[in-house]
Every structure is written in structure tokens, then in C-alpha cells.
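Chains as they are written, first to last, in the working numbering: chain A, 8 to 320; chain B, 8 to 320.
Check each hint, because a few of them may be wrong.
Note: identical chains are not told apart, hence a pair may lie in one copy or across any two.
What the hints assert, rightly or not - Taking lysine-lysine pairs in the DSS-like style, the calculated list, with each CA pair at most 25 Å apart, reads: (1) Lys138 x Lys320; (2) Lys138 x Lys91; (3) Lys289 x Lys164; (4) Lys187 x Lys296; (5) Lys213 x Lys289; (6) Lys205 x Lys65; (7) Lys135 x Lys164; (8) Lys43 x Lys233; (9) Lys108 x Lys205; (10) Lys65 x Lys10; (11) Lys91 x Lys289; (12) Lys164 x Lys296; (13) Lys202 x Lys274; (14) Lys91 x Lys296; (15) Lys202 x Lys108.
Because the hints were derived from the structure by calculation, they are not lab data.
Here are the chains, one letter per residue:
2 protein chains.
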Amino acid sequence: MEKFCFGVDVGGTTVKIGLFTESGELKDKWEIVTRKEEGGSLILSDIADSLKQKLSEKKIKNENIYGIGIGIPGPITAEGTVLKCVNLGWGIFNVAEEVEKLTGISNVKVGNDANVAALGEMWKGGGKGHKNIVMLTLGTGVGGGIIIDGNILTGSKGAAGEVGHITVNYDEEDTCNCGKRGCLEQFASATGIVKEAKRLLLISDKSSKLRELQYLSAKSIFDAAKEGDELANELVNQLAKYLGIAASHIAAVVDPEAFVIGGGVSKAGEILTTRIKENYEKNVMFALKNKEFKLAELGNDAGIYGCAKMVLK
Amino acid sequence: MEKFCFGVDVGGTTVKIGLFTESGELKDKWEIVTRKEEGGSLILSDIADSLKQKLSEKKIKNENIYGIGIGIPGPITAEGTVLKCVNLGWGIFNVAEEVEKLTGISNVKVGNDANVAALGEMWKGGGKGHKNIVMLTLGTGVGGGIIIDGNILTGSKGAAGEVGHITVNYDEEDTCNCGKRGCLEQFASATGIVKEAKRLLLISDKSSKLRELQYLSAKSIFDAAKEGDELANELVNQLAKYLGIAASHIAAVVDPEAFVIGGGVSKAGEILTTRIKENYEKNVMFALKNKEFKLAELGNDAGIYGCAKMVLK
Numbered sequence: 008m009e010k011f012c013f014g015v016d017v018g019g020t021t022v023k024i025g026l027f028t029e030s031g032e033l034k035d036k037w038e039i040v041t042r043k044e045e046g047g048s049l050i051l052s053d054i055a056d057s058l059k060q061k062l063s064e065k066k067i068k069n070e071n072i073y074g075i076g077i078g079i080p081g082p083i084t085a086e087g088t089v090l091k092c093v094n095l096g097w098g099i100f101n102v103a104e105e106v107e108k109l110t111g112i113s114n115v116k117v118g119n120d121a122n123v124a125a126l127g128e129m130w131k132g133g134g135k136g137h138k139n140i141v142m143l144t145l146g147t148g149v150g151g152g153i154i155i156d157g158n159i160l161t162g163s164k165g166a167a168g169e170v171g172h173i174t175v176n177y178d179e180e181d182t183c184n185c186g187k188r189g190c191l192e193q194f195a196s197a198t199g200i201v202k203e204a205k206r207l208l209l210i211s212d213k214s215s216k217l218r219e220l221q222y223l224s225a226k227s228i229f230d231a232a233k234e235g236d237e238l239a240n241e242l243v244n245q246l247a248k249y250l251g252i253a254a255s256h257i258a259a260v261v262d263p264e265a266f267v268i269g270g271g272v273s274k275a276g277e278i279l280t281t282r283i284k285e286n287y288e289k290n291v292m293f294a295l296k297n298k299e300f301k302l303a304e305l306g307n308d309a310g311i312y313g314c315a316k317m318v319l320k
Numbered sequence: 008m009e010k011f012c013f014g015v016d017v018g019g020t021t022v023k024i025g026l027f028t029e030s031g032e033l034k035d036k037w038e039i040v041t042r043k044e045e046g047g048s049l050i051l052s053d054i055a056d057s058l059k060q061k062l063s064e065k066k067i068k069n070e071n072i073y074g075i076g077i078g079i080p081g082p083i084t085a086e087g088t089v090l091k092c093v094n095l096g097w098g099i100f101n102v103a104e105e106v107e108k109l110t111g112i113s114n115v116k117v118g119n120d121a122n123v124a125a126l127g128e129m130w131k132g133g134g135k136g137h138k139n140i141v142m143l144t145l146g147t148g149v150g151g152g153i154i155i156d157g158n159i160l161t162g163s164k165g166a167a168g169e170v171g172h173i174t175v176n177y178d179e180e181d182t183c184n185c186g187k188r189g190c191l192e193q194f195a196s197a198t199g200i201v202k203e204a205k206r207l208l209l210i211s212d213k214s215s216k217l218r219e220l221q222y223l224s225a226k227s228i229f230d231a232a233k234e235g236d237e238l239a240n241e242l243v244n245q246l247a248k249y250l251g252i253a254a255s256h257i258a259a260v261v262d263p264e265a266f267v268i269g270g271g272v273s274k275a276g277e278i279l280t281t282r283i284k285e286n287y288e289k290n291v292m293f294a295l296k297n298k299e300f301k302l303a304e305l306g307n308d309a310g311i312y313g314c315a316k317m318v319l320k
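Okay, chain A solo, but in the shape it has when bound (with noise of 0.2 Å):
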């Protein structure tokens, strides 16, 4: 018979779930809601019920499924436990082991979020063909996930990755959700860029198509920046060099053959990877110049193939 597996990428809002065969099909995908009452001990027993459900349903034994790759959003260790996950009211406990109790499925392995989807990214999406890549996620924050010959990287504390704190304006006053200042988020994730627009809107009088607008998003000023807008492109090119800058430094670091940028940010297209790599190549030394910039390609679902792949190889 057919073997399946599950991946599992646990949100703050929903857990999103997918059932995957062998060769990374994916054969069906739900959510639930993430309960995060009661200090989030819900959240495990509600994924293992669903998951029982859906091999009931679809009439697969225990036996037939790999195993389940789940994603958190907080620091896992390489043995799978979770180091406090304030999103979902967790603290210190092994994931893996009390999702095998609850499923009775063994082989569970447990990744941080950000890098299960540049796993997921690697395996089917934007970094396809490559074993060694870097995925910068711009949402409200900038995550990032960072592969090494096909496995995460997790980092001596689960704190591989986290680029987005990468300090990249040594003048910059306000602080960082992090405490620090001068953080990469600060700037090229999608609040970051809509708090550069408001200030930039004050202190310049040039005329923008941004004034006219009611509700700033990283959207309209990637819109109005690709119709030429010169406030919008300034925000934009200010993006793309601090993006170019860390990903410089990133590369100095791991000398990956890609980079592929995701989250809401990337739907802006081509415009980002393109400027993104300008100022790489002009940051960069001459051995680690030439690099990939690809556009994430999964979307939501990069973090269930991430998970999947975990516990397919």
C-alpha cells in the first residue's frame, strides 16, 4: 500500500495540515484553529485528533504513514524541543515526544517555522535544484531559514536564521520589537516599510501618490513604486539595500547557492528580488558573488511541505 505522511505548521491563528505521499504530492490539506486557552495545552491533543480523524476517514493505518513533521513558531532545538514559544503560551517541553504519545505515531520531528518553509521552499518551490539555500520571509516580521546541503540549520539554541535581527542602521532611534535598534525588520518587513513610508511622507515635501492614499500598505507602495512614483521607489530601493546588506553578510556566513525571499511582502514580484540583488552584488566579496534570488513559490503551504519533508527523508 501507499505511505503517507503529515506535515504540520502550528500558528498563532490556525495549524494548517497536510497529507503528503511519499513523493511529496500533496494529497489533502485543512486547518484548524489553534486553541490557545489554558496556556495552549490544547493545541497538540486538538492536532492528534485531527489527524486521527483524517486516517479514519481516508481508511490509513498507523503503520502506513511515515511520520509527522510539525512547525513552530518559536526556537526548537535539534532534538525537537520547544525553548518557550510565547505565541502559543508554551514553555520548555519535547514536542516530538508527546506528539508520538498522543498519535502513537513515531518518527515526529520538529522544526521552527521559518525554517520548515525554506525546507518546503528548497524541496518544491523557489529554491528547487538546490541543497544549500537561504529563505528571508518579509511579513510583519523578516524571518528566515537557512539550508545546508538539504537540512535546516538549527543553531547551538534553535537560533539559526534569525536574520531579521541583523542590525543593518546604526543610527536608527526607535526600537525593534527585539530591543535592539537598527534591525533589519525595522525596515524591510511589511510594517517596517509602511512606518519608513509615514515618516518619510513627514519629513519630505515631494509630491507622492502615497499622500492620497487612505490605508498605507507594503502593497500600495510596491504599486505605486512600479508606476514610477519617486517616494514609493525611495522606500522601495531603501528595502532592497538593507535587504542586499544582510543577505551580503548571510552569504559571507554560509555561501549558499540561492536566496529565495517569501512572505506577503514577495507578492510585490520581480521588482524585489531584482533590486534585492543589486545591492547584494555590490556588497558582496568577488568569491560569493552570482548568486540566485528566486520569489517563494508555495505561499501558505510552504511550511507543511517543509514539515513533510522532514520526516520523508
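Knowing the structure of chain A, use the given hints to seat chain B on it.
Leaving out everything else, chain B in the frame of chain A:
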């Protein structure tokens, strides 16, 4: 019979060679001249001859040799191919295959010299007890070696750990050897701090012991700093600031357990690690705080130890 392996660290002037036991005891150590004439084509056969002579002298048979680890001053792929090594006059070829042919010994592993030094320090030096370290070598240039889970991080084109060319100062007008401006190497190498000293002595009118010296060196600057010389302390603090910043970038990528500081400049001692750590902690996000900063312990032998370690596991 006891088994052995060779560690061979190829430098631009001499080749350092060590004969090690399985447990990492250095039984014998010697050097031969690096003959760079004829496009460096004599280097590997000279090494092979020297190894054969040692085996016959010690009455060790080939079958009692685990293998040969070789460090090369240039980028090396994970498969042991050197991608041009200007220092030795070499083009692109597979060093491992060549040495196997010349010696009749299989299991030849090849690594970049900065990377093997890092592996050596992890095994028997300043990084002992850790599996995830970053070594920063402050010599004529600034080199880096990154060890993940006990293995060298090579990178897709052998350029992982090229951290000396992370840009740390965007206002710098002088050009680095790599062609860029503002690289870490321009401020944190032995050459760099001396150049910075000359610049500072010209523009400052502060009194300083450094003005009385006929010959400025990294050592004389650190010595003066330890004696309280204000100008020398400015220079040491600048070096430590840029190393702290670069280390914070590196940590955001690989999240190591410890940084090990080696190379000639590291003879300055604790003043160096203390001040780099201060700057590191100031520049890094909370999840990456409290890393160890240790001095390298193996000096010029780090390379041969690391080479041996490559073939022993």
C-alpha cells in the same frame, strides 16, 4: 598495531605536517618548504615523499594509516576540489585524488586552512567541549572557520566563513584587498590595526606612547593599550567594536555555542576576548546573548590538528 593519521597544513612558505594517533596525540611534527615554482606542481609530490619517508623511518605500514587530512590556503569544495589557489599557483583540480595517487593511501580529506584550524581548535583547543563554534583568525588578514555539529561548514563554493569581508564600515574610503570598502579585515587584522594607528596618529593631537615607537605593530598597540595609553585604547576598541558587530551578524546566521579568537593578534590575550564580547552583547538580539568568547590555544598547530580530525571521524 596502533593506527595513525597525518595532518598536513599547506602554507605559502612552509608545509606543516603532524603524525597523530587515533586519540589525537601528536607523535611527531615537522615542516618542509613549500616549493611554489613550476605553478606549484611540486608541492604535493614533495608532501608525498615526506610522508613516505616518515612512514619508513617509523616502520609504519600504509594499512596502519587512517588517512591524510590536508589544509589548503584557498577555497575548497566539499569533494576536495581546489577552486584556484593563488598563493600556491594552483588552478582547479581535485587535491584528494591526486594525493591518494601519489601516496597510495586512501581516505584523503581536503579543507580550507581557516576551516581546518577551526576544527582543530574545536577538537583540542579553545573550543574543546563544543560542537558548534566560529573561529576568527586575526593575522595579516581576517579569516573565519565555522563548525556545525562537529563538521566544517564548506559552503556551496567553498567560501563559507569568509567573514573577513563582511562590511562593517560604510564610510570607509580605502579599498580592501578584496576590492570592496569597509571590510572587517581592514580594521581587525594585524595589518589593519597598524594602518588605522598611522591614520589616527596623523589626525589626532593627543599624546601617545605610540608616537615614540620606531616600528608600529599590533603587539605594540595592544601593549600600550594595556598600559592605559588612550590612543591605543581607541584603536583596540575600534577593532573590538567591528569584531563584535561581525560576530553578532554571524551569530544571527549560525547561532554557535562559542567564538574562538586566534591568529597573531590573539596573543594580546583576554583584553581582546573581553572587549569583543562586550561589543557582541551590545549588538545581538536576546535569543543569541551570552555566547562564550575564548582564545585559541593551539597556535600554528591548529591546522595540523584540524586536518587530522577530518580523517579520524
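Can you give the numbers of the hints that this structure goes against, from lowest to highest?
Structure breaks hints 5, 6, 8, 9, 15.
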